[in-house]
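K.L.:
Sequence:
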Amino acid sequence: MAITASMVKELREKTGAGMMDCKKALTETDGDFEKAIEFLREKGLASAAKKADRIAAEGLTAVEVDGNAAVLLELNCETDFVAKNEDFQAYVSGLAKHLLAKRPASVEEALEQQMVGTDSTVKEKLSALIAKIGENMNFRRFEIVEKADKDSFGAYVHMGGRISVLTVVENSTNEDMAKDIAMHVAAINPRFLSTAQVSNEVIEQEREILTQQALNEGKPENIVQKMVEGRMQKFYSEVCLLEQPFVKDPDVTVAKLLKKEGDNVTISSFFRFELGEGIEKRQENFAEEVMSQVKKS
1 MAITASMVKE LREKTGAGMM DCKKALTETD GDFEKAIEFL REKGLASAAK
51 KADRIAAEGL TAVEVDGNAA VLLELNCETD FVAKNEDFQA YVSGLAKHLL
101 AKRPASVEEA LEQQMVGTDS TVKEKLSALI AKIGENMNFR RFEIVEKADK
151 DSFGAYVHMG GRISVLTVVE NSTNEDMAKD IAMHVAAINP RFLSTAQVSN
201 EVIEQEREIL TQQALNEGKP ENIVQKMVEG RMQKFYSEVC LLEQPFVKDP
251 DVTVAKLLKK EGDNVTISSF FRFELGEGIE KRQENFAEEV MSQVKKS
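Note that full-length UniProt numbering numbers the sequence shown so that position 210 is 210, with each residue one more than the last.
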């Protein structure tokens with residue numbers, strides 16, 4: 001049976017599911033609307049779509065290491081209560097293993113892949129979880145990282161998944177040190193790895209701010225430049241990982257800590273996911289919410 005645009009539109013209006021999901025349901029059921037609705041319900045797609053406009057800024061970040069490959073990911077839900085749910089946590093664990101096995105290039109590609117160890121796609125499994133738990137969820141981002149045998153990963157998860165960090169230390173197999181640096185990144189949140197990574201735009205903007213601060217303090221113009229240079233070094237020590245005082249021993253910088261391990265030991269990259277960063281969270285007044293429910297009852 002030919003599936004028309006009007007049939008897809010009608011099914012979408014009845015279920016709230018996406019257009020492509022509706023078309024697939026109608027195709028699978030040869031245009032039978034009741035069976036198509038049941039198909040969407042079984043996949044969790046009908047109820048999941050109705051929750052899609054609800055803000056999901058809680059959830060978990062996670063790190064999974066497998067030999068010379070590791071993945072960092074974030075899965076969001078609406079409440080931290082659901083983030084502690086065993087099914088939610090199991091999905092995060094399974095998703096991490098899937099990403100390492102299949103190596104998708106994007107979230108969109110990952111969602112369409114058949115999830116490792118299941119007969120459903122990543123998206124279908126997520127939709128079924130949404131339907132079961134009753135909250136909107138969103139697979140937001142991931143980063144797959146590789147290293148050589150001579151290098152080490154530093155993996156650290158803070159506060160049960162509020163922050164996850166992955167560092168790659170080259171020319172050292174000291175995983176304890178790599179993890180200590182990951183803990184440092186979690187705590188201090190550097191913006192850059194080294195001064196070389198700071199863009200000219202950021203440098204000029206900071207110089208301008210520091211210059212104006214010095215002039216506002218009434219400093220003579222002939223010494224302002226020297227003051228700015230000194231304060232720029234302080235700026236670098238605040239935003240660049242290698243220049244920062246090591247959180248467990250502030251007497252040494254991270255760069256000096258690495259040098260103790262060996263002259264050629266360095267950090268090639270680091271990744272830090274903080275749960276919900278950049279997501280505009282809904283501000284709720286729980287007293288008003290309770291009162292509104294009382295009035296309805």
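Certain hints may be false.
When the alpha-carbon atoms are kept at most 25 Å apart in a straight line, the in silico SDA-like pairs for lysine to any residue are as follows [stated by the list, open to error]:
#1 K226 - E261
#2 K147 - S93
#3 K14 - S93
#4 K226 - V247
#5 K179 - E112
Computed Cβ-Cβ distance ranges for the label pairs, DEER-style [claimed, not checked]:
#6 E217 - D176: 19 to 27 Å
#7 E146 - S93: 50 to 58 Å
#8 T118 - N200: 44 to 52 Å
#9 E146 - E217: 45 to 53 Å
#10 E38 - T118: 19 to 27 Å
#11 D80 - S269: 24 to 32 Å
#12 G160 - N222: 53 to 61 Å
#13 E146 - D176: 20 to 28 Å
#14 E13 - A187: 25 to 33 Å
#15 Q197 - E274: 35 to 43 Å
#16 E280 - A90: 42 to 50 Å
#17 T118 - A187: 23 to 31 Å
#18 M159 - K248: 13 to 21 Å
Derived by calculation from the structure, the hints in this document are not laboratory data. The C-beta atom is built at its ideal place from N, Cα and C for all residues, glycine as well.
K.L.:
Are the hints correct? Go through all of them and say.
P.N.:
Hint-by-hint comparison with the structure:
Between K226 and E261 the CA atoms are separated by roughly 35 Å; this puts the pair beyond 25 Å, and the hint is violated. Distance restraint check for K147 and S93: the Cα-Cα separation of roughly 21 Å lies within the 25 Å cut-off, and the hinted pair is therefore satisfied. About 34 Å separates the Cα atoms of K14 and S93, which puts this hinted pair outside 25 Å; it is violated. The suggested pairing of K226 with V247 is violated, with an alpha-carbon distance near 29 Å, which exceeds 25 Å.
Under the criterion of a C-alpha separation no larger than 25 Å, the hint pairing K179 with E112 is inconsistent with the structure, at around 33 Å. For the pair E217 and D176, the supplied restraint of 19 to 27 Å is violated, since their beta-carbon distance comes to about 45 Å. Between E146 and S93 the C-beta distance comes to about 21 Å, which lies outside the given range of 50 to 58 Å. At about 48 Å, the beta-carbon gap between T118 and N200 stays in the expected band of 44 to 52 Å.
For E146 paired with E217, a C-beta distance near 49 Å keeps the hint of 45 to 53 Å intact. Our hint of 19 to 27 Å for E38 and T118 holds, since their Cβ atoms are close to 20 Å apart. A hinted range of 24 to 32 Å holds for the C-beta pair D80 and S269, which are about 29 Å apart. Distance hint check for G160 and N222: the Cβ-Cβ separation is about 54 Å, which falls inside the suggested range of 53 to 61 Å.
A C-beta distance of roughly 21 Å is found between E146 and D176, which places it inside the suggested range of 20 to 28 Å. E13 and A187 have their C-beta atoms about 50 Å apart, which leaves the hinted 25 to 33 Å range violated. Between Q197 and E274 the Cβ separation comes to about 20 Å, which falls outside the hinted range of 35 to 43 Å. One distance hint, 42 to 50 Å for the beta-carbon pair E280 and A90, is violated here, with the actual separation near 29 Å.
T118 and A187 have their C-beta atoms about 37 Å apart, which leaves the hinted 23 to 31 Å range violated. Distance hint check: the CB atoms of M159 and K248 are about 18 Å apart, consistent with the given range 13 to 21 Å.
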